[in-house]
Amino acid sequence: MGFLVFNFGPLLYSFFLSLTKYSIVREPVFQGLDNYVQIFTRDRLFWVAIEKTGYYAVVTVVVGLTCSLLLALLLDQKLLGTSLLRTFFFMPTLTPVVASVLIWGWIFQPDLGVLNFLLRSLGLPGPGWLQSVEWAMPALLVVALWGSVGGSRMVIFIAGLQGIPHELYEAAHIDGAGLWTRFRHVTIPLLTPTIFFNLVLGIIASLSVFQLAFVGTKGGPANATYFYVLHIYYRGFADSEMGYAAALAWIFFAIIMAFTGIQFWLQKRWVHYEGAPR
Amino acid sequence: MSARVVRRAALYAVAAVLVAIFMGPFLWSLGSSLKTAREMTFYPPTLLPAAPRFQNYADVFGNPKVPMALFALNSIQVALLSVVGQVLSATVVAYGFSRFRFPYRNVLFVLLLSTLVMPREVLLIPNFLLFRYLGLFNTLTPLWLPSFFGGAFNVFLLRQFLMTLPPDLDEAAKIDGANSWTILWRILVPLCQPAIATVAIFTFLNHWNEFLEPLVYLSSTDKFTLALGLRFFQTQPNDAQEPRDQLLMAASLTMTAPVLLLFFACQRYFIRGIVMSGIKG
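Listed in order, the protein sequences are those of chains A and B.
If you read the first sequence in the working numbering, its first letter stands for residue 1, the second for the next number, and so on.
If you read the second sequence in the working numbering, its first letter stands for residue 1001, the second for the next number, and so on.
If you are wondering where the hints come from, they were derived from the structure by calculation, not from laboratory data.
Errors might be hidden in some of the hints.
Partial list, derived from the structure: chain B residues whose beta carbon lies under 10 Å from chain A [to be verified]: (1) SER1002; (2) MET1023; (3) GLY1024; (4) TRP1028; (5) MET1040; (6) PRO1119; (7) LEU1123; (8) PHE1128; (9) GLU1210; (10) ALA1251; (11) THR1254.
Counterexamples of contact, computed for chain A against chain B with all Cβ distances above 12 Å [stated by the list, open to error]: (12) VAL101; (13) GLY128; (14) ARG184.
Everything numeric in this text was worked out from a predicted model, so none of it was measured.
Yeah, the Cβ is synthetic: ideal placement off N, Cα and C, and Gly gets one too.
Excised from the complex, chain B in its bound form (with noise of 0.2 Å):
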């Protein structure tokens, strides 16, 4: 029996070693963004500082080198037409592969479950040249517009949700009168909510910490997304003899919060959507 609570304590030790490593770089770096940049160049160095400086963030936000407001304004619009995108093409796109035959479907469902494994990087050049074609090169249109035509991973989630749900359900309403639009988006779609949100979540999530893009993609400064933009602050102090750190670490908190939030505002539908997307139909 003691050799158990031993093993227990021992268990719960490593997983107290395990949060420290995990959760300082959160907590030093928190306490680094209320420093004062006098504090940052203490050595040793201090947790957390004599009094916290807020008006840290503040500073983030009121750089008139680094528009940071209409950075997040930028990521923002993508990341939201992103999802409005994936989850308007994916809905119709996997009702298409769930409820009709029409010829070659399972072709076309393999090929289209291939493009997972595909790198974006291949696509990266084409699709660049072809957005520079359309005259859409610094703008953010590249940024969202490819959503809006279904993505591969979202279509097989909902797909294997619809697949799910019995076709009576489908079969009573078209009894009643109901055409296929009606069927998907007054029956299917509400039954569909915890997946459609699953989709939507991760969307944004991608979305808004993509880099790969945006880089490629945007050209002037007002048009960056937050994690282009964020790099200002490696590079443009306020002023050069200023140790701006503090403010590096601001501003990268301020572009993790949203995101922590929405995870832990829908923390069942994340652990669901990764669950879902490891059993492989």
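So here's chain A without its partners, still in its complex pose (with noise of 0.2 Å):
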């Protein structure tokens, strides 16, 4: 099965090459666990690369997830007109990242963007977005969430829901539950396995953010935006140190793992299967 070859292969070269000093156009040296500890003693950017990561992962996931859910929602309302603002909600997240972040670049403009120019004539200040230290990243988490709650999680959602058996919540609704409790104690426990899922993939797809803060903003300004594969990326193949970029990668591989690994170890407690032996 050749794709184990193109997986688990290069997964045990690569950290061989994480125990070395490759410079591309020398062969490898072998130099143990230098690369790691330089990496965790004395590499300050990639502490501020786990930290802005870190804080865009924890954005995006938890208002990305629950802004997915509340659309989810709606659409399930049954309003006329639902499929076609399913097609709307959709469309932003099949636009090619490059492309959103290019026409929300334009939006984001600080003097003759549009964006400003309403803010302005609300009376509130326009910021540089993405040129401003401050600004970048909550841009960034802007453009991230437009192209992403409308997507694949919000359609799980909605399935979900739809699993839902109608006549738990005519049970609830007879015992005299009030909407928002009939949302927390049926909604919520049957939909868990839904959030489950979402909950893994979202976290891994927010740690690998890339191409956003690489188009939009190189990382900067002044490091605002330096994501982790960002960091990953100008090490290895700007300044050519692929030993060094390998420990970084294997570095973020043990993070993934062990976020996915403490998911699936905390979901005994709170996902909720239904019928199913546990």
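Once you've looked at the hints, go ahead and assemble the two chains, each given alone in its own frame, into the complex.
Shown next as structure tokens:
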């Protein structure tokens, strides 16, 4: 089975590389854990990247999942034109990220952009968005959320909502449960497997953020949007430090595995599988 | 009863605001892509140009410094070859997992699924070095060749689908003298068409939008895909004095259009594919 060759072989090879000094033009030189020691003790940008990526991931996962669920709930209300609405919400997620960053870049344009025009007509100051240290990250978060909340996560939530038996709501209604109580005690528990699935994939996707910042800000200004994969890319492909970049990539791999492992371990406590022998 | 009416009205109001948020950027960029360079500098900005300037779209393709048509051809080549590769390999591998017993089958399948949560960034460096060693740096090959080795997600999707087809079909064909290949291509593949369409659509989409791999593997402009080439409109104006954001908008929409067309043409496969992926086997 050839796919294993393309996955596990390179995985081991990259671990070997991470133990070497390898600048592409010269042969790799084995140097033990030096790269890892250097990353943790002397690489200031590593910690910057961890911080920025962590912040980005927390916001996009928490806000993103909440918004996706709210959109799914709205589409589950059987309004007129629901399928048209779903299409509208879905279209941004189809837009290539490069294109959406460029489109939003024009909206965010500090002097002539439509967003600052709207803010100014409300009497608010228009920040420099992608050019500003404070506002570059929020701007990228807006683009990321615009391009993801109406996508596959929302569709999976809708499928999950439609899988909840109607009788349960009726039973709760007869017992005098209000709208919020029904949501809290019927919808949410029965939706936990769906939330779990979206959470696992959502965290992986948000930690891997790259082109949003690469196209939009190059990680700047002043490293305000310097994400982890940018660090791997710049060290590996701009500075040709393949061994060092491989070590960075392995740390990234370990972080993602740890998150995924923790979630699978925690899921026993909160994920509710209907009728599943657990 | 009236509380219910109020609630419905509020929901429609919310929906209208959301539509504005989600569709606004498309309308805004569409309007901007049809403006003249001078209209782009108007403040307050106008939503629509006085007269739509379709010439902008011709200019996107006619810029001597930016071979947009070549970018498009490269993107199409990579995306189509990847689709062919994924469909062929994922079908065969999924068939193997669903119909044959072999040692360590379940272990292998779990290993396959584990690659789903494996970040691609870990594989980027070793794969890059491999392709460079093979002399394929700055060619389109590294972008589509791995597709011929099956993708975990697609194998999973097709296997789930194949599992729903009764094995009696295979048995009947075997009695009629068909071998495994004939069974796969003549009987199972036609029945799997919806799942295969889903695989094809998502593969096309992923490769069309892919950015990191082309960035790493391609170095000369004539090899660039659209995702890479689009950035030239940020940095290489026709004339340094002239604002070129209208061309940037036109180019961005040009790259987005095929994806949206594909979506409108095959909407049900999209939704079905996503829902199938969400129901873990």
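Violated hints - listed by number, lowest first = Hint check: 1 and 12 fail, others pass.
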